[in-house]
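Hints are included, so try docking the two chains, each in its own frame, into the full complex.
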Amino acid sequence: MLEILAQAVINGLLIGGIYALVSIGVTLIFGVVKIVNFAQGEFVMIGMYISFFLATQFGIDPVVSLIVSMPALFIIGVLVQHFLIRRVLGLNDMPQIFLTFALSLLILNVSLMLFTANYRTVHTWYSDEAFHIGPLYVPVAKLIAFVLAMVFSGILWLFLHATDLGKAMRAAAQNRDVAQLMGINPDRVFAVAFGVALALAGAAGSLLMPFYPAYPMVGQVFVLMAFVAVVLGSLGNVIGALVASLMMGVAESLGIQFIGADSGLIVVFMLLLTTLALRPSGLGGRRTR
Amino acid sequence: MLKWSMLVLGALSAVMVVLPLVVTSHFALDIFIRILLFSFIGVAWNLVGGYAKQLSLGHVAFFGLGAYTSTIMQIDFGISPWIGMVAGGVIAMVGSLPIGWLCFRLRGPYFTIATIATAQVLMLIFLKFRNFAWGAEGTTIPNLGHAPLMMQFETKPPYYYIVLGLLALSLLITWVIERSRMGYYLVAIGEDEDAAEAVGIDAPRVKRNIYMLSAFLTGLAGTFYTQYIYFIDPGTAFNFNISVEAALVSIVGGIGTLWGPVIGTLLLETTSALLQSWLGNSGGVQVTVYSLILMAVILWRPTGIMGFLVEFYGRRARKPVRA
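As given, the protein sequences belong to chains A and B, one line each in that order.
Numbering that gives the first Met the number 0 numbers the first residue of the first sequence as 0 and each following residue consecutively.
Numbering that gives the first Met the number 0 numbers the first residue of the second sequence as 0 and each following residue consecutively.
No lab work stands behind these hints: they were computed from the structure.
C-beta atoms are modelled at their ideal positions from N, C-alpha and C, and glycine is treated no differently.
Hints are supplied without guarantee of correctness; some may be wrong.
[What the hints assert, rightly or not] Computed beta-carbon distance windows for the label pairs:
#1 R207/B to R85/A: 51 to 57 Å
#2 D75/B to M0/A: 35 to 41 Å
#3 F311/B to Y118/A: 44 to 50 Å
#4 M0/A to F239/B: 36 to 42 Å
#5 N174/A to S12/B: 51 to 57 Å
#6 N240/B to I238/A: 33 to 39 Å
#7 M0/A to V93/B: 37 to 43 Å
#8 S126/A to I78/B: 52 to 58 Å
#9 P141/B to G259/A: 27 to 33 Å
This is chain B alone, in the form it adopts within the complex (with noise of 0.2 Å):
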């Protein structure tokens, strides 16, 4: 069973790294780019929001520090994004520390509205401080042409290859966690939290330490995303939408699972997609389309797209069994 889920693991990993040859059309290397880069943020918001049922829908406070670290550092010093990247993830790690101190005092529907408040509350402080990081109108990232140095190409390629390294980064990342002590401790706490530290996990800090760290990954994604559009500003930083997608596609794809938030980006972006090629970019079909599935997923399917593929294969290996 190991065995043949490392072949497909394999044989996954290699079409991944081989696509960009094949396919050389920028519309879809575009899509692609997408699908990996919420993929990404998926798998970040699940360390907390899947397996820890800590449901925040203010992921995107994260994402926004770590845009606007990187861009500050890179226009007002210099400094290569690379390094930026880097630093975003940190200060977004360090920004989780007050926000996770005030959104974990609650629980419940109550976490999630804190959560939203401090990602509004820090996108209208970029508004307003605009001597500080361009204010309202944002700022566009000079474009150096073909500098890798600076995290700036002139194809998509290596865009696509940095996401694919920053996913697989973080699905080997939850992959280690889901087979340690704290990814028990975590689910522990997602299943009831009262009952968790009755046995004597230390919640508070369980809670907090994974939401450092899927706090830091966030705020990787936010670098990434801004030298890939070369534009910032708090409208685009601090979208609530992106919040909103991180939860939808781990709640589609399966909440609490490694692969989750890849199925789920994969078909909620690829409906997306084909959506906009139809329909073109009228307002409110997408996120129409988002909200039906989710309703969909809710009412019948809670664990999600993987909760069927487990439950659908695993009828299927038992038969064998029985027969």
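Chain A with its partners taken away, still in its complex shape (with noise of 0.2 Å):
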């Protein structure tokens, strides 16, 4: 009994780290941006697909090809807030949720039409390799992951609070026109939050590839769970969200060992509705206003 539950605990903990790379993602840009992101999921799939294609066609493995996939993403990350997100900031709440919005949903279903809705896997020599420990065992495939996961938050805190930069960001996302008094550029530092976060959806959708499959609807569970570790880590709080997302990660596999298969999503979902039940005043949610 003991073992199942460490074991479930194990495969919880790894899981959360990807969904950490999520929703740090979704925090960084809300708390920057004052954005919700509701193509982080998406952003999560292309990168998916580019070590996808980058191991069918050229034979590289998909943790390597992070080196492609981040970058690209921070550049469509950037031109996203440039062409888009830059025309409704400081609109009211409709078309700052629904242009994401919208973009999400011409992202998924544009790669319907493109990858069509079938499952596509990269299986790597680490795949089904596992480290054991006593009677549990650690996947390879999950724990890489959650290494690099754990070293590109790490990366990411130094950046907010070590360099120039990345003090600028926490400054625009504290007070957006002091900052700006205080010569920080907005829109630069509104791309860089972008592309960054972006960067991180993409690496989320590497470190997956050699052990989840890709299909266009693949993001959506994961901005679910950012969503929720968002809501639950305090908005644009990054070790909140870190956090949060670890603990996710074990509810949503404790639900699946101990209530049934299908069961992580609803424990997921009752985890968030909980806790805006027994804290009134909405997690920050007004700080929207």
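Structure representation (structure tokens):
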């Protein structure tokens, strides 16, 4: 019993690392640009397809293809911010919510036309390998994904706290007008925030590829997880999103283990709804005003 | 001015009533029924999402509750869907109380996310409980042939008239609300909730009431749809796309306007029908076009087609005055 529990916790933590990459991106965009990016999951999906094609066409390992997917998504992020998001900043909720929502629908359905709904998998030499620690086992592919996810989160944290650009981003997140008076160019800061957030989504996609199938709807699971994590971990807070993501990975995994195979999502949603019920101030939802 | 609009409305109603007598093609009638149904759902959504700007993406929760209530009553207890439809609306209305209690704690995008989550939870619940409501397989509605008392017909026109009646009802309700104290409260909340509360509007109560009304109407749509397609399962009754389309038709047509959802549905459903006849039922094309239209509206004309029309005719109407 204890072993099953420990195994479920390990599985949950490992996948939680991926959730963390997605939710840190969402929370970064929300913190800095004050936009909820409904399309974040679709960018994970783009990252997966980039790695899938590099693996099948050129035999490049999905983890190595990070060096393509992350810069590619950084550029997409800058373009999305510049040509789309910039135009709805400062407007009311409707355009802000439905622009990224429309973007999500667009990317998803164009992918459906291009790639069909078929599952695509990449099989690497480590896809089926696992470390055995006593009765427990740790799948290699998931461990690589988790470790790199933690490394990227750490680098982002250092970037935000130790570099001028990172500090400028945090300043813009705290107070856009004052930051502008201090000589910070908000357009540039927003573009970098969007680019970095999407690069993290791209990293999540590449890291998932050795053990998770790519299909056009794949992003929806991750974006829902990210929203829950971002709400739980208090909005705009990178560490909060990280911790909440790991917790949710574990909660989902325990749900699958002890309630049933398709119960993971119920547990996570219940977690969200219970939190909302218990913390009536809305966990910062009011900050959008 | 009022006389003119009454005339136009009268002519339009007459056309809508005689339409099934002129058009007999099943394909065309099916499209008309879809347009009327989604207009109806859009008008129901618009009460909450348009006037009060509570941008729900979980309205399918009420659609599904309505659909399941009438179907369970019909199959397990032999009760007519006519009664089941009203019961379904009431259940959806009751369901809107806890859902609203949870979701209205949040504002802006987090309200939207919470509504998505509640609708998903409902779908997962109906997927799980197979001894209660057929689980994932769903069930077909027993076909009784021509049975008007059980809301079953062998031809399409009766369905057309039912959903036309529902749409007319919802438009009338919206028209009345627009002109009532409630309507002004809703718009005030939509503009700035804190300011609305500061001038003494009980925002939580107003939002709860309009949410209940919207849920009731959406529940009726659920029953109608299930009776129309003779089938129910969690995937169709709680299909996320219905939530999306309810919001989309209102935004494209003109958010927070009486006719916006109808005009939006006309545009989107006609486009979708044309695309389907050109390209077949290929996955993704329809929603791709929807999302492009939605983006175009958001970026260039956030007031939707209604906003465009008002501006256009406003400009033309002013000209003679200047001359």
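Consistency of the hints with the structure:
1. Judged by the Cβ atoms, the range 51 to 57 Å given for R207/B and R85/A is violated: they are separated by roughly 37 Å.
2. Between D75/B and M0/A the beta carbons are some 40 Å apart, a value that agrees with the proposed interval 35 to 41 Å.
3. Checked against the hint of 44 to 50 Å, the pair F311/B and Y118/A passes, with Cβ atoms roughly 48 Å apart.
4. With their beta carbons about 37 Å apart, M0/A and F239/B fall inside the hinted range of 36 to 42 Å.
5. Judged by the Cβ atoms, the range 51 to 57 Å given for N174/A and S12/B holds: they are separated by roughly 55 Å.
6. Checked against the given bound of 33 to 39 Å, the beta carbons of N240/B and I238/A, roughly 36 Å apart, stay inside it.
7. Checking the proposed 37 to 43 Å range against M0/A and V93/B shows it holds: the Cβ atoms sit about 41 Å from each other.
8. For the pair S126/A and I78/B, the beta carbons lie near 54 Å from each other, so the given range of 52 to 58 Å is met.
9. Between P141/B and G259/A the C-beta distance comes to about 31 Å, which sits within the given range of 27 to 33 Å.
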